[in-house]
Amino acid sequence: MADPAVLAKLRETLRAIEAPALRRRPVLPVGIAPIDARLADGGLRLDALHEAAGASADLADDCAATLFLAGIAARAWGPVLWVVRRRDLFAPGLAQAGLSARRLLYAEARDDDELMAMMEEGLRHRGLGAVIGEVRRADMAATRRLQLAAEGGRTIALLLRRHGRAGSDPLRPPSAAVTRWKVAPTPSAALPVEGVGRPRWRLDLVRQRGGEGGNWIVEACDETGRCALPADVAGRTAAARRADRRAA
Amino acid sequence: MWPVERLRRAERTAAPPEPREPPAGLPGPPVPFPPAAGGRRAARHEGHWRPGARWAGDDSPSAAGHGAGGAPSGESSARAPLLLSERSGNRVLIHAACPRALALGLVPGMAITQARAQVPGLDIRPADPAGDRAALARLAAALARRWSPVVALAGEATLLLDLTGVAHLFGGEAAMARRLVRLLARLGFSARIAVADTAGAAWALAHHGADAVALCPPGAHADTLAALPPEALRIGEDAAELLRRFGIVRTGTLMAMPRAPLVRRFGARLALRLDQALGHAPEPLDPVVPPRFIAVGRRFAEPLATADAIGHWLGRLAAELGEALAGAGRGARMVALVADRVDGVPQRIAIGLARASRDPLHIARLLARRIEAIDPGYGIDALTLHVRRSEPLDPQPVGEAIDGAQPPDLAPLVDTLATRVGMAGLWRAAPVESDVPERSVTRASPLDPPGQPQPPMKPDDVRRLDRAGPLPPWHARWPRPARLLTRPERLDHVLAELPDQPPRRFTWRGVAHRVVRADGPERVHGEWWKRLSEVHGSRDYFRVEDEAGRRYWLFRRGDGERAETGDLSWYLHGVFG
Chain C
0 MADPAVLAKL RETLRAIEAP ALRRRPVLPV GIAPIDARLA DGGLRLDALH EAAGASADLA
60 DDCAATLFLA GIAARAWGPV LWVVRRRDLF APGLAQAGLS ARRLLYAEAR DDDELMAMME
120 EGLRHRGLGA VIGEVRRADM AATRRLQLAA EGGRTIALLL RRHGRAGSDP LRPPSAAVTR
180 WKVAPTPSAA LPVEGVGRPR WRLDLVRQRG GEGGNWIVEA CDETGRCALP ADVAGRTAAA
240 RRADRRAA
Chain V
0 MWPVERLRRA ERTAAPPEPR EPPAGLPGPP VPFPPAAGGR RAARHEGHWR PGARWAGDDS
60 PSAAGHGAGG APSGESSARA PLLLSERSGN RVLIHAACPR ALALGLVPGM AITQARAQVP
120 GLDIRPADPA GDRAALARLA AALARRWSPV VALAGEATLL LDLTGVAHLF GGEAAMARRL
180 VRLLARLGFS ARIAVADTAG AAWALAHHGA DAVALCPPGA HADTLAALPP EALRIGEDAA
240 ELLRRFGIVR TGTLMAMPRA PLVRRFGARL ALRLDQALGH APEPLDPVVP PRFIAVGRRF
300 AEPLATADAI GHWLGRLAAE LGEALAGAGR GARMVALVAD RVDGVPQRIA IGLARASRDP
360 LHIARLLARR IEAIDPGYGI DALTLHVRRS EPLDPQPVGE AIDGAQPPDL APLVDTLATR
420 VGMAGLWRAA PVESDVPERS VTRASPLDPP GQPQPPMKPD DVRRLDRAGP LPPWHARWPR
480 PARLLTRPER LDHVLAELPD QPPRRFTWRG VAHRVVRADG PERVHGEWWK RLSEVHGSRD
540 YFRVEDEAGR RYWLFRRGDG ERAETGDLSW YLHGVFG
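Taken in order, these protein sequences are the chains called C and V.
Per numbering that gives the first Met the number 0, the first sequence starts with residue 0, numbered consecutively.
Per numbering that gives the first Met the number 0, the second sequence starts with residue 0, numbered consecutively.
Any given hint might turn out to be false.
As the list claims (entries may be wrong) - Chain C regions said to be covered by chain V (calculated; three or more residues, Cβ under 8 Å): (1) 49 to 60; (2) 75 to 83; (3) 112 to 123; (4) 167 to 179.
Stated by the list, open to error - A few chain V positions that, by computed beta-carbon distances, are all more than 12 Å from chain C: (5) R145; (6) V337; (7) E546.
Unchecked claim - Some chain V residues flagged as far from chain C (calculated, every beta-carbon gap over 10 Å): (8) G120; (9) P125; (10) A129; (11) G235; (12) P283; (13) P411; (14) L464; (15) P478; (16) T485; (17) G548; (18) R550; (19) R561.
It is worth saying that the hints were derived from the structure and are not from the lab.
C-beta atoms are modelled at their ideal positions from N, C-alpha and C, and glycine is treated no differently.
Go ahead and model the full structure; you've got the sequences and the hints to work with.
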């Protein structure tokens, strides 16, 4: 009889025997080389808390951050729990960012404390690929609880920080999150014809633990949740690399 | 009558036209009388093969034919005659009729169109034979608890009760029959009861006797039967018709006839039914077994006062409950903990489970979260776990993949979250085939991923040629916003060219936006098959991007050409990322 508890214990013992330096943390690469190079772990750590906020209180900025997190969750592995305060998420829109309705379970919390508690339950369940929460106020203690709950698992914790009424920066107060992002929409790629091209965002890595920040212009999530570098920027680096090779 | 009266009763107890009672499952704690159904009974008497036994048959077959039966009650006489319709082939027939309709000559088996032609203003509803049978089975289970240990279903509207050694508990057969009639009348059913020596005789008397309550003295059933028509023998309509054509209108004639030609002409069934009614052949009953309640409890000599102690015993009781559930082959959907306090005030907490489960750890964990709701007062001297609702649950295989690769089970998570926000706060989005954005999503139960399992296709099904698979519920390319406003918000100062140009500028929530790029229009027509007021309405949706790169989803009511399609006002409905 395979007792799961015994198996878990054996696995724990084995992990303790391995050299800690050799243990690799599970990581979800962003898929964009410059950003992955900047991130301390070569990607977004799966066993950690990440935060994102819109650049301003405008609903469009908020939606950009929403889709950014949805894209990350879409590329995580399993079912996703999204804890909301308002029921305004539009499932067809999220499905276009790669997060299909099949994988997504919604829960509605009545206040921020309850929301954090529900996220923690989701993280401790260990059967989810990602847990997303939309919160207006979360202090250091609350985010640290989430970070602790996330550690040791493979459930990525994503927190959407919303702007308060006062108009203060939601990413300014201290937080235990490993990375903190600020997302703003920018004018889309120009098309040869009339119309709106692929949306673009301005991504600001405001803070990360053990690394530097940075900012990039990226193209928004496609239907698999992947972001991309705009073609003109990517083409420029490729051309530069070719020039380097010729010079060498 | 049973279907008609069940319908009437359902109308009285609930507002919607035909509420379906919840599936029986394992009902909760013993209620004095389950809200089952009613019916009529015919009681009868026992047979020689089992001396001393008496049968009570309870049957409802229509009081219709005989005036003696349930006369139309006051309330029903104020309403239009009620008919229940059933489809038979490509004809729609009367399945059952209320007494008023029967008095008008509308009998079961007649075509509905004919009835409509004869009587205007009929109240016609679809029949629900499965629901009727289920209601009768529930009534039988209730009777088996309180009235007689052996209760059997006999046909669509008849119950047979074995009164052997039972009737004296209710004051004798006559008193018991009267009490049963009164009980069923309270439930809204008119009953006919006959008590006789054999089940067959009781059935015959109840269905074809003159009185609503008929008591046949012991040993007299043969004489009583002799006066009844041959239909009373539970033979088919065809056989009865044939007998009538031979001029046999009394069972007594049949009894006097030589047996061999009878069997050759009508088959063994008629002879068997005759023997059963007379008590010459045995007729075993298939008794209804009332569902058992599952509960485990513990009494304490020393009252419990702390949450720790309650939590400890909760764990022990949950383990016992798990075993009891496993023994019964069921999984709990709702469990209640009842703590009896020393001062006699019971404390209750209940939990629901998203999926039937008998995992003691899970049940104990969910209950332990609510322990604070128990006020121990001066101490608790008994704890009981009741299974309030349960479902069949087969033995579960231990995960075959021991490395933990099996898909995660979300049910424990759903239960845990539901104890915080309730099941109303948990949902999944399920697609709906509708072009109107706010109707294209509905909320579904959190545990059933959307998508119905398709029935297997036949080998020659033409759909097999379609290799592309079903279309996705939502179009993958048409722009859809990340967030949809619950109510579209009116825009001010909109500058747009008619008929189908996107706006050049608009003001939303007091902020002016200049549109740089736009896509559209995507025209969505009103769904007149859902709401008649939308028959002309249409919306033109545009995706617009302002100078800062913010993308919004706007729509204009109306197509810009015909005034009846809308008033050309502009709204913001969603925001893209």
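How the hints compare with the structure:
Look at the region 49 to 60 of chain C against chain V: 4 of its residues bring a Cβ nearer than 8 Å to a Cβ of that chain, three or more, so the hint holds. Residue count for the region 75 to 83 of chain C with a Cβ under 8 Å from a Cβ of chain V: 3. That meets the three needed, and the coverage hint holds. For the region 112 to 123 of chain C, the stated coverage by chain V holds: 5 residues have a C-beta nearer than 8 Å to a C-beta of that chain, and at least 3 were required. For a cut-off of 8 Å, the count of residues in the region 167 to 179 of chain C with a CB near a CB of chain V stands at 0, and the three-residue condition is violated.
The claim that R145 of chain V is not at the interface with chain C holds, since no C-beta of that chain comes within 12 Å of its own (minimum 44 Å). Under the 12 Å C-beta cut-off, the non-interface status given to V337 of chain V relative to chain C holds; the minimum distance is some 27 Å. For E546 of chain V, the non-interface assignment is contradicted: its Cβ lies about 8 Å from the closest Cβ of chain C, within the 12 Å cut-off. The beta carbon of G120 of chain V sits about 46 Å from the closest Cβ of chain C, which is more than 10 Å, so the claim that it is off the interface holds.
Every Cβ of chain C is farther than 10 Å from the Cβ of P125 of chain V; the closest lies at roughly 34 Å, confirming the non-interface assignment. Against the 10 Å criterion, A129 of chain V stays outside the reach of chain C, whose nearest CB is about 33 Å from its own CB. For G235 of chain V, the requirement that its beta carbon stay farther than 10 Å from each beta carbon of chain C is met, with the minimum near 53 Å. Against chain C, the non-interface label of P283 of chain V holds: every CB pair exceeds 10 Å, the least being about 45 Å.
A beta-carbon of chain C is positioned within 10 Å of the beta-carbon of P411 of chain V; the least distance is around 7 Å. Chain C leaves L464 of chain V outside its interface by the beta-carbon criterion, the shortest separation being 26 Å against a cut-off of 10 Å. Not every C-beta of chain C lies more than 10 Å from that of P478 of chain V, the closest at about 8 Å, which undercuts listing it as non-interface. Its closest Cβ contact with chain C, about 6 Å, brings T485 of chain V to no more than 10 Å, contrary to its assignment away from the interface.
Not every CB of chain C lies more than 10 Å from the CB of G548 of chain V, the least distance being 4 Å, so the non-interface label is violated. A beta-carbon of chain C is positioned within 10 Å of the beta-carbon of R550 of chain V; the least distance is around 6 Å. With a cut of 10 Å on Cβ distances, R561 of chain V stays outside the contact zone with chain C, its closest approach being about 26 Å.
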